[in-house]
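Construct all of the structure, not just a fragment, from the sequences and the given hints.
In our numbering, the protein residues as written are 42 to 142.
Don't read these hints as lab results, they were simulated from the structure. These figures come from a predicted structure and were not determined experimentally. Heads up, the beta-carbon is just placed ideally off N, CA and C, and yes, glycines get one too. Do not rely on the hints blindly, as some may be mistaken.
Quick list of in silico lysine-lysine cross-link-like pairs, DSSO-like style, CA-CA up to 30 Å [as the list claims (entries may be wrong)]:
id : residue 1 : residue 2
1  : K77       : K88
2  : K73       : K86
3  : K88       : K73
Label pairs and their calculated CB-CB ranges [claimed, not checked]:
id : residue 1 : residue 2 : range
4  : E84       : V51       : 46 to 54 Å
5  : V78       : V110      : 41 to 49 Å
6  : T87       : V51       : 24 to 32 Å
7  : K86       : V110      : 34 to 42 Å
8  : I107      : L139      : 44 to 52 Å
9  : Q60       : R104      : 55 to 63 Å
10 : V51       : V78       : 39 to 47 Å
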Amino acid sequence: MNNLLTIFIVVTAAAVLLQAGILFAMYFAMRKTSAKVESLAEEVKTKVLPTAELAHSMMSELRPKITTVVDNVSVSTTMCVPKWSVWMQLSPTLWTALGYR
42 MNNLLTIFIV
52 VTAAAVLLQA
62 GILFAMYFAM
72 RKTSAKVESL
82 AEEVKTKVLP
92 TAELAHSMMS
102 ELRPKITTVV
112 DNVSVSTTMC
122 VPKWSVWMQL
132 SPTLWTALGY
142 R
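Next up, the structure:
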């Protein structure tokens, strides 16, 4: 019985030491990963954020111009394409020549 208790204590101690070793390895791996993530975050701040700010300022500057262009195109297309009633008032000879009558 005493022999079995000693074996149990040795196996339990080995298991606890193994768990402690795994926890220390996880801790050091997490520190290494944290340092990499911090350097990547700093790189994003220095490279991506200025580009995003430039794109935002360009969109703010160009939005009124784009709106004007869209409005102008909308007006010009409504002016160029006559209404159906205007098409219907064309001479019957033209409709016949086009093959619609």
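Status of each hint after checking the structure:
1. With a C-alpha separation of about 16 Å, the suggested pair K77 and K88 falls inside the 30 Å cut-off, and the hint holds.
2. Taking the CA atoms of K73 and K86, the gap is about 20 Å. The hint holds against a cut of 30 Å.
3. Only pairs whose Cα atoms come within 30 Å are accepted, and K88 paired with K73 is accepted, the gap being roughly 23 Å.
4. Take E84 and V51: their Cβ atoms lie about 50 Å apart, and the range 46 to 54 Å holds.
5. Remark: the range hint 41 to 49 Å for V78 to V110 is upheld by a beta-carbon distance near 44 Å.
6. For the pair T87 and V51, the beta carbons lie near 55 Å from each other, so the given range of 24 to 32 Å is not met.
7. Distance hint check: the CB atoms of K86 and V110 are about 35 Å apart, consistent with the given range 34 to 42 Å.
8. Checked against the hint of 44 to 52 Å, the pair I107 and L139 fails, with Cβ atoms roughly 39 Å apart.
9. A hinted range of 55 to 63 Å for the beta carbons of Q60 and R104 is consistent with their spacing of about 60 Å.
10. Roughly 41 Å separates the CB atoms of V51 and V78, a value that falls within the hinted 39 to 47 Å.
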